[in-house]
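A.B. asks: Chains A, B, C and D, in that order, give the protein sequences.
Sequential numbering of the first sequence, starting at 716, is according to our numbering.
Sequential numbering of the second sequence, starting at 0, is according to our numbering.
Sequential numbering of the third sequence, starting at 4, is according to our numbering.
Sequential numbering of the fourth sequence, starting at 22, is according to our numbering.
Read the hints as simulated data drawn from the structure, not as lab findings.
As the structure is a prediction and not an experimental result, all values here were calculated from the model.
Note that the Cβ used here is the ideal one computed from N, Cα and C, for glycine as well.
Check before you lean on any hint, since a few could be wrong.
[Stated by the list, open to error] DEER-style ranges, computed between Cβ atoms:
| hint | chain 1 | residue 1 | chain 2 | residue 2 | range |
| --- | --- | --- | --- | --- | --- |
| 1 | D | ILE180 | A | THR748 | 47 to 53 Å |
| 2 | A | THR780 | D | VAL57 | 43 to 49 Å |
| 3 | A | GLN919 | D | PRO473 | 52 to 58 Å |
| 4 | A | PRO1195 | D | LEU474 | 37 to 43 Å |
| 5 | A | GLY784 | D | THR65 | 31 to 37 Å |
| 6 | C | GLY58 | D | SER289 | 55 to 61 Å |
[Unchecked claim] To spell it out: a stretch of chain A is covered by chain D in this simulated footprint if at least three of its residues, at any positions, have a beta carbon under 8 Å from a beta carbon of chain D; those stretches are:
| hint | stretch |
| --- | --- |
| 7 | 804-810 |
| 8 | 820-834 |
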Amino acid sequence: MSAASLPAWVLASSLLPAVLIFLLPESRRRTRTTLNLAAAGLKLVLVAAMSWGVVRNAPHEVRFTMWPGAEFILRGDALACLFAGLSALLWLFTTIYAIGYLEGAPNRSRFFGFFSLCVASTMGIALAGNLLTFLLFYELLTLSTYPLVVHRGTEKALAAGRTYLRYTITGGAALLLGIAVLYSFAGDVEFKETGSLRAVAESQWPLLRVAFGLMIAGLGVKAALVPLHGWLPQAMVAPAPVSALLHAVAVVKAGAFGIVRVVYDVYGIEFARELALLVPLTIAASVTIVWGSLRATQQTDLKRRLAFSTVSQVSYIALGVSLFGPLGTIGGLVHLLHQGIMKVTLFYCAGNYAETLGVHDIRELDGAGRRMPLTSAAFTIGAVGMIGVPPLAGFVSKWYLGLGALEAGHPWVLAVLIASSVLNAAYFLPIVHRLWFRNASAPWPDERSFGRFETSLWFLIPTLATAALTVGAGLFAGMPFSPLQWAMLITRREYLP
Amino acid sequence: MTLLFDVILGLGLLLAAGGALWSRSLFRAVVLFVVFGLLVALAWVRLEAPDVALAEAAIGAGLTGALLFDAVGHLRRTRRDPPDGAA
Amino acid sequence: MSPALWYALVGALLVAVAFAAFAAHTHVVRRLLAFNVMGTGSFLILVGLAQHERGPDPVPQALVLTGIVVAVASTALALVVFRRWFAATGRVALPEDDTP
Amino acid sequence: MIDAATPLIPLAVVVPLLWAVLTAVRPQVRAAWLVVPGLLAWCTTAALLWSHVRAQGVTQYALGGWAEPLGIGLRADGLAATLTLVTAVIASACALHRLLSPPAEFADHAARWFWPLFFLLGAALDGVWLAADLFNMYVGLELLGLSAVGLVTVAGTTIALAAALRYLLAALLGSLAYLLGVALLYADYGTLALASLANGFTASTTTLVALALITAGLCLKTALFPLHGWLPPAHGAALPPVSALLSALVVKASFVMLLRIWLGPGVSLLVPAVAQGFGVLGAGAIAWGGWQALRHAELKMLVAHSTVAQLGYLFVAVPLLVDASAAARASAWDGVMLQVVAHALAKSAMFLASGALIAAVASYRVDDLAGVSRHMPLALFAFGLSAVSLMGLPPSGGFSAKWMLLQAALASGQWQWVFVLLGGGLLTAGYVFRVFRASFLQGAEDRFTPTPLGWDVVALALAASAILLGVMAVAPLEVLRIGAPPSVGLLLNGAP
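Please model the entire structure based on the sequences and the hints provided.
C.D. replies: Have a look at this one:
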């Protein structure tokens, strides 16, 4: 293994297991579990090794020409490592969770095969070094998540799958068109830390704006920007690990990450401001943040409430990106990680309640804290973190976003942030209250016993681990290699030529 | 003289073709098709293409004609006088 | 008018008449007859026009020889398929053309 | 440049022809010992020819030592060499599928003619790709039509017989129109060799009528909308390996002829209005074929209508090949070439996979595929990979082709084709996901018939190559540019 080809190995570490898992007979449970965990662990090591290249200021890169004028580039730059690290870490936990979740269920080969294919696509999105490579993996992600959304094979799941496809395939077409327009006069658009389009003649600026709009619209579908978010709450019919994965990491983050790439590494933040592209994005993100929170308060299904919360929270990233100035950038980037960790915790918890107690509705959660104290503690940490209470991870994000808004000269964004926090509290705190301070009024709908612990260890370990990370990311934000420090590293490179 | 022959042959070709294509009885149509083939062979001679004339007579009129006769005969045997009008 | 041109003209008329017959008929054997007449018409045009321009010419004649062989092969195949179709269904035309 | 050291060109036609004779002499329905050596010889010849053209550029061969116009002139440019190779590969895959079929598939007595017709079809295809003059193209096209019709009848069902007859009548009409056009052209120019016609056509009445006839005939054979009516029944009713060959290659033969004529001598007459007209018909094909595929209940009819739609992309490229800047034309050429090859690979894979799926559930209906994802993951995966290419999603040959056409359309400001290309992709997604939707449906009882594993592997290999073509298109495109028509070739700087 040569060090330069490290990005290719990161990709291969989930592509090869995907192929192997597809070929494994359904009954080879132990082999499949070993393969899954080994691949997830190996990937984490590889991503860490790749990050070391960034620290030494010599990012790893693989490239070859697909056809004349179109290169395939994988590059482990700082931003790539941020997203790849988050994905690799959460994937390890979600894999553990999924193994427990699917114990005894049918079609496990298919599930884990596509699951690994999803990781591969997400890694590809993280590592893509130009727009074309990004598009390639972005579409691959659409295709590999569809079988997971419809995994249960019920009419409801298939309907959700159809909605999901309508949104994402149309979004993909918009993204393709935007990229194609850009290539038609700018050539192969590589991601550079201060943008690659500055040289474009002023006469082409209208087309640049059109391309930007198309790309943001295409990416906005996956990032669930209002009004392109309709697929997300429906996709909740998928199995819990898929919801955790789709909503915390893969799909929505792929969209948000794409927006980050387009603004910073394609247009360049300063050029984007000159083209007056940032303010519309700020407005779209703000609307989404408020709208998602408002809708979340109306939901009584736990997973649907979390889904609308995702709609709202993911747009913090776009918001941070659209605020010109280092502080906003730091807030947006760090939220990419923090939101992932917190939201995945919440979805694990939702899955734990559903699998252990059969509870799906918030009103049935009364007294669950006594029955499942560890899960409920994790849920509380995630929820409080989301609201932005110091010293948890969410506070760090919101702090920098707020400072960034002031720096960029948009004080009204502060109002959006405060309103969102209030709404976060309004839809999360009642759940926390029910968990701890109410007594169970009826027997649990469908209780299962998992022996010594409150639920299966396969469920409990990932939940507690990500909850611990939520605390850690906030408490140790000042330590080297914390998400915050890494975001600052990226920001420094973005703003200093 | 030869010009007259050409004109007559040409008109004969058109007549035979018309009969082969539009006559009510399928059997007669095939007969006229063979006649048409033989007339075309003459035309090839007039166009100074003797080898084409031979091929036309043997293959175009003879072999194709035989195949068509066989098929039409088969149709007749299987189905008593099918209403094979121009419809 | 040279004889060659006259035969080309006859050929053109043959093609026209045969095309009309091809379009009008639904009986497969009749369509095959029309196809054969159309083919012969095109051969006459091919040789006639060429020899009208440049005198006796072996090239188009060789082409016509090939064409005659191809035409008989096509007819033979069509008749084989037609007879199997007829044996299976008792029909002499294709389903979408059949108006009993 | 007549290179006497290249008997590879005639061999590419002679080898399949020889095996057509051999299998006709020994007409056994299961004859792996006879067929497999033939496939090997064929593939080897084609591969050698491809690498020869790649290294040496355009190569010509005069059969029997006669020079044109009387001799049978053959010419291998990049397009011909590539398509010869693709033909050999896809034909081999289809042959393997046939050889791996259970004996029940050979019930019909016409089955003994499968192999002779199969190899004849291959020889005819290679003949069309390599033909250097309009008349050889005619002979190749006619043989192609006859062997294709014969192969459709091998299915033996009444539906297949009707489809074969309809196909035959359309094919005969199409080739007659073409022949008539060729006759008129010969009268005007006294030659049929494309090389001697290279000075270009003049806009005489005869030539215009001739071109109209040729175009109409070839469009009928390519099943260009609205002349496509014969295609879906024929491709839907044939046996899976036959459908695969027909959709992948046979319809492309007449398209390649159209391209060679219009971009060669005809390019001066390919005025924008005509070129845009081709594009409009192509757009119609994309819309109509896609719409029909969306609403058809039977799987193979869905795939067959998809062919009608996919052929539309080839014609949408025509306005971009002439009515645009030099760079855009070059991009359009690459795109249309890649689309020809990618569609050939993907569609043959899709037909073979569909055949396996249909055999497994013993029903032609899409709705009856419920639960098949559990039982036949490999066949469904092959179907999925080929669908990726047909939808034009990356990474795939179909995507790369669409991308190049998009670039050509954007560079020449022809936004209408941009939207046609993108809309076609969405429509394709609509109908292929019908299949996945059905296959993921849970709850149907398990009543699947086992099918040979080899079927899935063959389909998967073809589909995978359609995908790989998308990321490794450099070498194929280089070869496909060799000997491209001068009108599009100015920027391509291929070997002479």
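A.B. asks: Now tell me if each hint is right for this structure.
C.D. replies: These are the hints, each one checked on the structure:
1. Evaluation of the 47 to 53 Å hint for ILE180 (chain D) and THR748 (chain A) yields a pass: the beta carbon distance comes to about 49 Å.
2. For THR780 (chain A) and VAL57 (chain D), the Cβ-Cβ distance of about 37 Å falls outside the hinted range of 43 to 49 Å, so the restraint is violated.
3. One distance hint, 52 to 58 Å for the beta-carbon pair GLN919 (chain A) and PRO473 (chain D), holds here, with the actual separation near 56 Å.
4. The given range of 37 to 43 Å is broken by PRO1195 (chain A) and LEU474 (chain D), whose C-beta atoms sit roughly 54 Å from each other.
5. Look at GLY784 (chain A) against THR65 (chain D): about 33 Å separates their beta carbons, and that is inside 31 to 37 Å.
6. GLY58 (chain C) and SER289 (chain D) have their C-beta atoms about 29 Å apart, which leaves the hinted 55 to 61 Å range violated.
7. With 0 residues bearing a CB less than 8 Å from a CB of chain D, the stretch 804-810 of chain A misses the requirement of three and the coverage assertion fails.
8. Taking a C-beta to C-beta cut-off of 8 Å, the stretch 820-834 of chain A contributes 4 residues in contact with chain D, enough for the three needed, and the coverage statement holds.
Hints 2, 4, 6 and 7 from the list above are not met by this structure, while the remaining hints are.
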